[in-house]
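Knowing the structure of chain A, use the given hints to seat chain B on it.
Protein chains in written order, with full-length UniProt numbering: chain A, 1 to 151; chain B, 1 to 208.
Calculated from the structure, these hints are not laboratory results. Every residue, glycine too, gets a C-beta built ideally from N, C-alpha and C. One thing to keep in mind: the hints can contain errors.
As the list claims (entries may be wrong) - Only pairs whose alpha carbons sit at most 25 Å apart, straight line, appear in this in silico SDA-like list of lysine to any residue:
hint: 1; chain 1: A; residue 1: K101; chain 2: B; residue 2: T149
hint: 2; chain 1: A; residue 1: K82; chain 2: A; residue 2: A129
hint: 3; chain 1: A; residue 1: K147; chain 2: B; residue 2: I125
Stated by the list, open to error - Sample of chain B residues facing chain A (criterion: CB under 8 Å; computed from the structure):
hint: 4; residue: D71
hint: 5; residue: D78
hint: 6; residue: T149
To be verified - Simulated restraints on C-beta separations:
hint: 7; chain 1: A; residue 1: Q19; chain 2: B; residue 2: Q74; range: 43 to 53 Å
hint: 8; chain 1: A; residue 1: E151; chain 2: B; residue 2: S70; range: 30 to 40 Å
hint: 9; chain 1: B; residue 1: K96; chain 2: A; residue 2: S120; range: 20 to 30 Å
hint: 10; chain 1: B; residue 1: Q74; chain 2: A; residue 2: I10; range: 46 to 56 Å
hint: 11; chain 1: A; residue 1: E116; chain 2: B; residue 2: N106; range: 23 to 33 Å
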Amino acid sequence: MKILKTIALILLIAFIAIQFFPTERNESDVIPKTDFLLVNNPPENIGTLLKESCYDCHSNNTEYPWYNKMQPAAWFLEEHIKEGKAELNFNEWENYSDRRKNSKLKSIINQIKDDEMPLSSYTLFHRDAILSDAEKKTLIDYMTKIKDSLE
Amino acid sequence: MKNVKVTTAILAMAFVSLTAMSCKDGKKEKSEDAMHSEMSSEEGHHHDEGMEHDEMEGSNDSMDSEAQASDAKQVMADYMELKNALVATNKDDAAKAGKKLESTLNGFDVSGYTAEQQTELKDIIADAKEHAEHIGKSEMDHQREHFKTLSKDMMDMVAITGTENTLYQQFCPMYDGGSAWLSMEKEIKNPYYGSKMMACGKVQKEIN
Chain A
1 MKILKTIALI LLIAFIAIQF FPTERNESDV IPKTDFLLVN NPPENIGTLL
51 KESCYDCHSN NTEYPWYNKM QPAAWFLEEH IKEGKAELNF NEWENYSDRR
101 KNSKLKSIIN QIKDDEMPLS SYTLFHRDAI LSDAEKKTLI DYMTKIKDSL
151 E
Chain B
1 MKNVKVTTAI LAMAFVSLTA MSCKDGKKEK SEDAMHSEMS SEEGHHHDEG
51 MEHDEMEGSN DSMDSEAQAS DAKQVMADYM ELKNALVATN KDDAAKAGKK
101 LESTLNGFDV SGYTAEQQTE LKDIIADAKE HAEHIGKSEM DHQREHFKTL
151 SKDMMDMVAI TGTENTLYQQ FCPMYDGGSA WLSMEKEIKN PYYGSKMMAC
201 GKVQKEIN
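Pulled out of the complex, with its shape left as it was, chain A reads as follows (with noise of 0.2 Å):
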């Protein structure tokens, strides 16, 4: 058991000794006139359900629970919100050119049916991000109205 104790402070150690290592937060007040949402002022059942499941990883403001200001889990999530961000970030949206925009769309269709956006390792722990098959649809049914206003 005197193993098993120095083990665990070795790595109580190592626990309280990264949570020194400082992470980039993402976060800012202002949101810019290239927003989507300020841009495309959709119905606000759609600005709520991108705000909730899409905005913490692409938009430039993340609200973030007290268990993700902790180590390791911290450094992860820079890691996916940055991914998230170069991938599209929604507050940047008018500065994307039409091409790029339908592009955009496509993708976030495409990936909203496939279930593979919100990422499950997200959904598991904000579960008010997981979006039902009725508002899939009615995101889904939005995204591709914008879609075709661009061609």
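Then chain B, alone, in the frame of chain A:
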């Protein structure tokens, strides 16, 4: 003692995830390094062309357009490789071709085109690069989804750069409400279905 065990388990998990994280970072750095070396060899390539420029002063313009024609030609060659892999329903080859196309697009020099064409080309390249990247790491059905939009990008690109080889714009009315692609040969070989529906489609347009 039970408490100690539980604590140990939790901390062990924390430790494992920490280790996993650092491994992941390590890998990432490696792949970035690989990218760098790829990029620098790319740069080297362009640099060589630049040197030739200096030697052949006075014919700069023709050299420029030649180098650019070769960029566009290489993009088309990579695209055809990708298309053939999709025709053969070979996911790994398609992924490889996608990555190659992505790196060719990265090195695409647009400087010799008019300002308007440059804007358009940069837009096409940015979009195509994303599709190529995804094709490099996706399953077959996703590769084909991205290939559809990529094909549109390629058609728009060819409209600007022109092409030395005759290209055939072909069209399959069945895939995703109708989808087009480019081919070097007139005969239909369907990249969206492969052997399932190899001959589905028709030539829409001949591009010279």
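Hint check results:
Between K101(A) and T149(B) the CA atoms are separated by roughly 12 Å; this keeps the pair inside 25 Å, and the hint holds. For a cut-off of 25 Å, the pair hint linking K82(A) to A129(A) stands: about 19 Å separates their Cα positions. Our distance criterion of 25 Å between C-alpha atoms is met by K147(A) and I125(B), whose separation comes to about 20 Å. Hint status for D71(B): violated, given a least beta-carbon distance of 19 Å to chain A, over 8 Å.
Interface restraint check for D78(B): the shortest CB-CB distance to chain A comes to about 19 Å, outside 8 Å, so the restraint is violated. Restraint check, T149(B) versus chain A: the minimum CB separation of about 5 Å is within 8 Å; hint holds. The hinted window of 43 to 53 Å between Q19(A) and Q74(B) holds, with their beta carbons roughly 49 Å apart. In this structure, E151(A) and S70(B) meet the distance hint of 30 to 40 Å, their C-beta atoms being roughly 33 Å apart.
The hinted window of 20 to 30 Å between K96(B) and S120(A) holds, with their beta carbons roughly 28 Å apart. Take Q74(B) and I10(A): their Cβ atoms lie about 54 Å apart, and the range 46 to 56 Å holds. A hinted range of 23 to 33 Å holds for the C-beta pair E116(A) and N106(B), which are about 26 Å apart.
Checked against the numbered hints given earlier, this structure breaks hints 4, 5; the rest are met.
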